[in-house]
Every structure is written in C-alpha cells, then in structure tokens.
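Protein chains: 2
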Amino acid sequence: MINEVGRELPEYIEGYGQVKPFQYALDNDVVIKRKNILNTYNKSSEGKYVNSIKEVLLKANIKDGMTISFHHHLRNGDKVLNHVLQEVANMGIKDIKVAASSIFPIHKPLVKLIEDGVVTQVMANYISGPVADAISSGKLKYPAIMHTHGGRARSIESGDLNIDIAFIGAPTCDTYGNINGVQGTSACGTLGYAVADAMYANIVVAVTDNLVEYPAEYVEISQEYVDYVTTLESIGDPSGIVSGTTQITKDPIGLKIACDTGKVIEAAGFLKNGLSFQTGAGGTSLAVAHFLKKMMHEKDIKGSFASGGITGYLVDMLNEGYFRTLVDVQCFDLDAINSYKENRNHQGMSASKYGNPHNKGAVVDQLDVMILGATEIDLDFNVNVTTGSDGRIMGGSGGHSDTAAGSKLAIVVTQLIKGRIPIVKDNVTTVTTPGRSIDVLVTERGIAVNPENKGLAEKLKDAGLNVVSIKELKEMAEKIAGKPEKIEQKDDIVAIVEYRDGTVIDLVKRV
Amino acid sequence: MINEVGRELPEYIEGYGQVKPFQYALDNDVVIKRKNILNTYNKSSEGKYVNSIKEVLLKANIKDGMTISFHHHLRNGDKVLNHVLQEVANMGIKDIKVAASSIFPIHKPLVKLIEDGVVTQVMANYISGPVADAISSGKLKYPAIMHTHGGRARSIESGDLNIDIAFIGAPTCDTYGNINGVQGTSACGTLGYAVADAMYANIVVAVTDNLVEYPAEYVEISQEYVDYVTTLESIGDPSGIVSGTTQITKDPIGLKIACDTGKVIEAAGFLKNGLSFQTGAGGTSLAVAHFLKKMMHEKDIKGSFASGGITGYLVDMLNEGYFRTLVDVQCFDLDAINSYKENRNHQGMSASKYGNPHNKGAVVDQLDVMILGATEIDLDFNVNVTTGSDGRIMGGSGGHSDTAAGSKLAIVVTQLIKGRIPIVKDNVTTVTTPGRSIDVLVTERGIAVNPENKGLAEKLKDAGLNVVSIKELKEMAEKIAGKPEKIEQKDDIVAIVEYRDGTVIDLVKRV
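Line by line, the protein sequences are chains A and B.
Residue numbers for the first sequence follow this note's numbering, beginning at 358 and rising by one.
Residue numbers for the second sequence follow this note's numbering, beginning at 358 and rising by one.
Looking at chain A on its own, in the form it has when it is part of the complex:
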C-alpha cells in the first residue's frame, strides 16, 4: 500500500505489527484513548528505597522480552541507560526493547548489547551517534520505531507502547519517589519527556545521585507514580547534560536567512501583541529570535509565550518582557535550568501537553510561529530530519512534526546547499514531517511558500521579499552543486518512522 506522502509500505512488519498508513486526516474529532493500568504495588513497610539497580531489576521481575524506558533530559551526559542495560546484560536477560525518548553518542555501549541480542528493538524520537549507525546497518533484530515527542506520549498513554519498567534519571529524588530536575549536581531542568513514562509504565524506578529526605521541596514527578528509588554515584556528566552557552550564528548567510525569516513573520501578519514563538537552539534558529526581538522592540510588541526546548536567549527575552511566559519541555542550558527553578513564569510541561495530538489540546496547537530545520526538503515541502543524504539515521523528528502540525506558521530555515549537497530534492530520503504542515522555506537564495497556504505568497511578495518556487530553489542548488546521486538502499527495513498519530509516514532501509 502507499501512504499519502507516496511511500510504499507493507501491511505488516515483523516485530511491529499491522501498519497504519499515514494520511492527512481530518483530525477534528479525536478519539482519546488512555491505557487501562492494572499493576501490583508492594506497599511494604520497608519503603521504596532499594540498594542497587540490580536489586530493583530482581524486584521488578525483569525477564526476556520486556520493554524498558528512559528519558533523555541528561542528553549526552546520561549515565542511567548504559548502567541499567549493563546490569540487565549481566543477569543474562535477552530480547529487551529499549524505549528511550532519545539516544545520543554517549549510549555507544548499547551497540554491543544489540550485537549480543540483549537489546532487540529501540524506540526513540531522536537517535544519533554509534547506535544510529548500528541501526542503519541492520544490526537490530527488529526495526527501530521512531516517534515524535508528542507521538511518543500518545503511544504510551494509549497503550500502543507498553512499558514494563521505566527508569527515570532523577537529579533529585526523595526517599518516597518525589522527583525534580532542578536540584543536585546533575540538574537538567524540566523532566517533561519522562512524565508519560511515570504515569503509564507498570513499574517506575527513580534513579538518583541526590537522594533527599522526604518530602522533596520541588516536585515534578510525584510519589504516587513511583515504585522504587535507587541511587547511582552519578547519573550524569554535567558537561554533557547542557550544551555550553548557545550562541547566535556569526555566519553572514545564516544571518541573512534569519533576518529574512523575521520579515516573513512580519509580512505574514504575526508580528503583533500576543505572538507565540518557538525556535531551536542552533545558531541560525537563535538568530531568528534575535531579529524577532529587534522587531518586537521597535514596534513595542509583547508576546504571550515561547515554547519548546528553552535556551538562555529566550530566558532573557522573558526577563526583558518580550514574552509573558515560557512553556518548557526541556532546558538546553544552565540559564534555562536556573530560570525554570526560580521563575514561576517559566513553566514546565510534559511531552503530552507539548505535542500529543490525542489529548484535549497541546501547546503546539496554540503556537503562532515555529522555526524548523531540515536535512532535506522536497518539492511537496516534505521534510527529512531523520536520515542524512546517505540514508543513515542521524536524528529524528523530536518535536519537528508536532510543532509543524500545530503552529500557524511553520518556517523551515536552511542554507540551500550543505556540505556540497543541495537541500531541496525531488524526493527526500526519509519523510519525517509531511509537506502540508510546512508553510515556508527560507534560504539565502530565495523564499518558497507552500501553495497549500493560500494567499501567503502574495503577502510576502507585497512585502518585497524574494519569493520563488521551491522548484526554482532546487534548480539553483543543482546548478551549483550538481544533481545528487540516488543513494542505494537494501530492502530490509531498519526503522519505522511513525507520524505523531501512530500512522507510518516512512521506512528507513538498510544502507
């Protein structure tokens, strides 16, 4: 069968099940399904504290075939996933499914566990580094499942993704399972991606390196969801948890793209009081925030909120009054962590609140302007941020599809050519985000508007912006860099790309 972005799909995939093909559904009526939880909790007088991960695994009756989940707020400093899975391996357990919200280069030891059959499936919203390479070359027994941030929450809440044991890396935890991310040496800020795991997993384990007396004074994940508490000497490497101070790009091409993007926002009619805005932590994305701030300052505009992964730049904008509040699923740097801890107008949110399409309304649905990246974009505006042009996994949707779908103006910002490869293609290697949820592509050589957004191209032209067709952009790029060669892919499916509603939007084949 063929889905609505033109990808051919089998009806059934071993290790996954029936395939629901992606379609541009009229999603006005959403059926909200939440998992029926039935599990046994031992209310022993011993309390919840357990001496070691190994003891926890024994108490949780770990066995072959179970699904174990992790969150990625400790990012490339995370020590929890490796430690837990090594204990699982030491116990001789096989066939574990790892449901991590994201996988980073630090999770390299997972490759050996995959090779040894300890881990046979990986589910994540973003995968980079050695594990991505191992998956791309077909080492996993079953295809990886790649969710979006909101889609993962949906999948967990609905029971599509059933978690047997959730391990929550907890920068601070009290003896009865109240967790926060803002205190301790491994502080990472909000714990938004771990909330669904805590609420819906059968067994929930807090792993902390800062065990405090009951009750903890900040509580992000509450005791009524936590079965066991245990400690590691260190759950995270601070230098890997947060990036350094994020900086606006100094590259003139990036600055031009960002400046034009600001003009697009204005021309599209969004530069007004109450504006809401989200952007990434990259140099060009931050530069958009910079130009937006300048325009807001000149016109005395006060925005309502900025959302998403939050950086110090947005914290400054909050403190300077450009936004009334921040709504934060993940803190990217120390400034964001401190602000989230101290300032009540810097709110946390769960992944479900952020982007789940099957709840009663996510933050992305209230978002005006979203700034997105792209590895590739095709003539239908379908975007790839999952694989490189060589077909290897190097990322994933994260919140890309969620914010594109929810926001009123979804703008992709990118240089036209990266690493000598044109970004605009006839066909993207992998469809991460469907074209109909993208409104504009801003490059240094022109701005392409999705014709699905009726009337927008005219508005931008009226504002004197250099509007061209996406086909023209493709031709310009190919004139400079040549037509990229088609990559060779085998038939084996190494990853299934799920759209946020649980339909399959694309497959990644072995390279």
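Please note that the accuracy of each hint is not assured.
You can't tell identical chains apart in this list, so a pair holds if it fits in one copy or across any two.
[Claimed, not checked] No more than 20 Å apart at the CA atoms, straight line, and that leaves these computed lysine to aspartate or glutamate pairs for EDC-like:
#: 1; residue 1: K392; residue 2: D517
#: 2; residue 1: K416; residue 2: E832
#: 3; residue 1: K659; residue 2: D848
#: 4; residue 1: K390; residue 2: D517
#: 5; residue 1: K816; residue 2: D421
Just so you know, the hints here were simulated from the structure itself, not pulled from any lab data.
Given the coordinates of chain A, assemble chain B onto it according to the supplied hints.
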C-alpha cells in the same frame, strides 16, 4: 453478611450494586487499576470557549442518568454546583447523579432538585446542611454514597465512579483550559480535590469568573484535560470560600486536651527532627499545633512537613522554620492561599497523592502524627464523624479514615461530653473510621490507648499521663450525662459509607 466492624450489610443495594464488606485487609499488595479512557474530543478551530453553561451542556450531550461532578474548594461560597444543576433542571433532564467532593449548606437548592427527580443520587466525602437533612429523611431515590477524600480519587481513577461531565470551578482559567486557584476574586488556593475529576471524566468543563489570555501563568489543572471553558459572573462568594482567621481555642478544657495531646506525641517518641504532622482547622486542633510548636521550640526540633487542609497557623510554622515544607490539598484561609501562591515550599497535592490507598504511596502513608475529631467513638475505637447521635448525616469522613490509616500515631481529641451527650458509646451510630487505625483518644478526663498499639499505653503511663481504659471513659461520661437513648432508625438505607478502598464500612438508615 457482617463486615469486620460488625455491621450487617445486604449483598446488593439498588442503585449501588454488589456490596463488598469492609475487612481489615493485609494491604501490602495493592492492585492498582486505572480506568481506560475512551472519549471523543472535538478539536474544532473555534477553540474551547463556550458562551454559557447551557451551551456546554448541549455540546456535552447531557442526558438523563448522567453523572456530573463538582469540587468543593469554593466551600460554602460555591455558586457553580447550584448554577449548573439549575440549568440541567431547566432543560428537563432527570435522574442525574451528583458526584461532588463535598456538599455544604449553600447547596440548599439541590433539595428541590432531589424532590423533583432531577437529581436521584449524591456522592460526596462530606455532606452538611439542608442536603444532608434531605438525604437523612429519605428524599433521594438511590442511597447517597459517602467516600473518603482518598477513596473518591481511587474510585474515579479505577472507574468505579464514572464521571460523564466534570465541572471545575476555576478561580482563574485561560481560553484553552489552564486552570489555577490562586488568582482572581474567587481565589481558593490549591485545587487538589478536582484533579482526579479533570484527569478521568469523559468531558471536563472549566467554569471561571476570571478568564485570562493564553497561557495562564500558574497552572494547577492543565489544558490537556479540559474540553470546554465557560464563564459565570461569579463562581464563588469570597466570604464563604475561606473561613475567617482560624483561632486557637480559649476554652480551658480544649486547652487541657491539646496540652495533653502534645505530651502524648512526646511520650510516644515522635517529638524529634523530621516530625510530620497534620491537624484540622478547629480550635482544639489548632491548639495542639500551638503546644507542639512550643515543645519543638524548646527542644530545637525541625519537622519535615505538615499536610492536609492548611491554615495560617501552619503557614506561620513553615515561615518560622518549624516545618521544611507544607503539602496542601486545600487552603482553609487567606494566609494559606497567599502562601501557596508565593512560597514554593508550600506545595499543592491532589486528593490521590493525599490519600488514595490504591496508588504507589500517598502522603498520609508518610505522616507521623494525625490529630482527629470525633462525634462518637466506641469501645473498639471505631469513630463516627458521619452522623450525629440522632442518626442524621452531618459530615463525613473527608480525610479522616485516610489519615487515620496512614499515620503512625492517630490521636482523637474530644471533650468527653458534648451537648450533654457522652462521646464514648458501646456502639457508634455510624462507623466512619475503623477502630484499628486509631491509636489514642485524648479527653479532658483521661487518655485511652487502643490495645492494638502494643506498648504505647506503657510509654504514656511512664510519662505520667493519665491513662485509663476507654470503658472507664464511657462510664465516667455516663455517670455525668446519663446513658444515651438508643436512636430509632427505619430499615431504608439512605447512605452507604464506603471505606477508602471501596468496601462498605457502614450504612446510614432513614431517621
């Protein structure tokens, strides 16, 4: 059949179903069941705001036989319940089940709706005033169901109590359903009792008199659970929402009881660092806090937390460093509301976190000392706070059974004779809280210790306290006030008293 507090129960009750008799279960292994939610949400571009309660009822397809829920944080100032039910009546709807966390005298108009068959069942944790009288005299078609605070959350989460439409009185709400209780003219503080309703009802409606722009800056109940937002000119009368400043009793008998209670806490070994404590808002209960504070000051003791309904007195103790944090399900006065708003060490909690016996650990399970009241107490220490000695409903468990079960030292404080009626009886009119979860009864004429708490009587005697048997207390009271006459009750069941785990602990018969 007869339950473990000796009450005879039918196996089946019309309008209720099969009766599970109360038993002192070994509750080490708890099966946690959470409702499977399946409902349809209309993600219309119109947003969530609806012009009136009536329109909401039409959108929610209100029909005969539905269960509608309310919370009681607006207490005796609440205008939401009356307004909504009057609209329901105006539409000609019948046979409504009202699941309110508590019913107060202000809800008097409900009596007429009961008489008219608009409302045929009431479920609540506490019922006082005209509605209690109407239920006591048999006006409801089906027996009322009386929960505990924690038991109601359990009942909702498990699906035993299925709510079709939840109306959440919202002191502040934004246009997309983010609710808080700390801003606006009807501010009431935490919204702990409404959390389960919001998370598990099929349709959730926020009713506010302070509609703010998206996103609200404080969020206690989040948008992803809310279907509709509507407004009333006023949702509450501030003078009824909070009591006046709560005062310590000046009555010498109350002070003696409170002073002795302090000595009991010390003699039982709980006057030490890390102490956790809960008490009510009554004059004697507050006086216990006062004596406890004095002892803590003298011995330089720092407690961990105080919980429950929070008063200004406990806020002062927090600010003076006697407790590290407050864990608050309901603010009793303005000082508590302001503190909860401004001080992050003054935490909110849901009713489930507070006292649900079927989650992974409630706050009551971490509580050292609980100070409780009693209308009656019997020789087995069973306590009645549901009915008066005349058999009429005048209250209910609220958190009584939850805190008694969870706390390490549950102390009932009461005068031995109230209104010329002895408090200690052979048999209480209604068992609200089973005797085995009560440790001590403190009266002005002696302290009785439950023999189930082995060794405690000796500790109190060693400390020079006037320990007597509960039988002696009964005899003393009867010597002064005479043996109370047995009240006459009909056979009709007017209310079912559910213990926190959903078993039936007693029945209230028609008077």
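To see whether the hints hold, each was checked on the structure:
no., hint, result
1, K392 to D517, "both (8 Å within a copy, 16 Å between copies)"
2, K416 to E832, "neither (61 Å within a copy, 52 Å between copies)"
3, K659 to D848, "neither (52 Å within a copy, 67 Å between copies)"
4, K390 to D517, "both (10 Å within a copy, 18 Å between copies)"
5, K816 to D421, "neither (58 Å within a copy, 52 Å between copies)"
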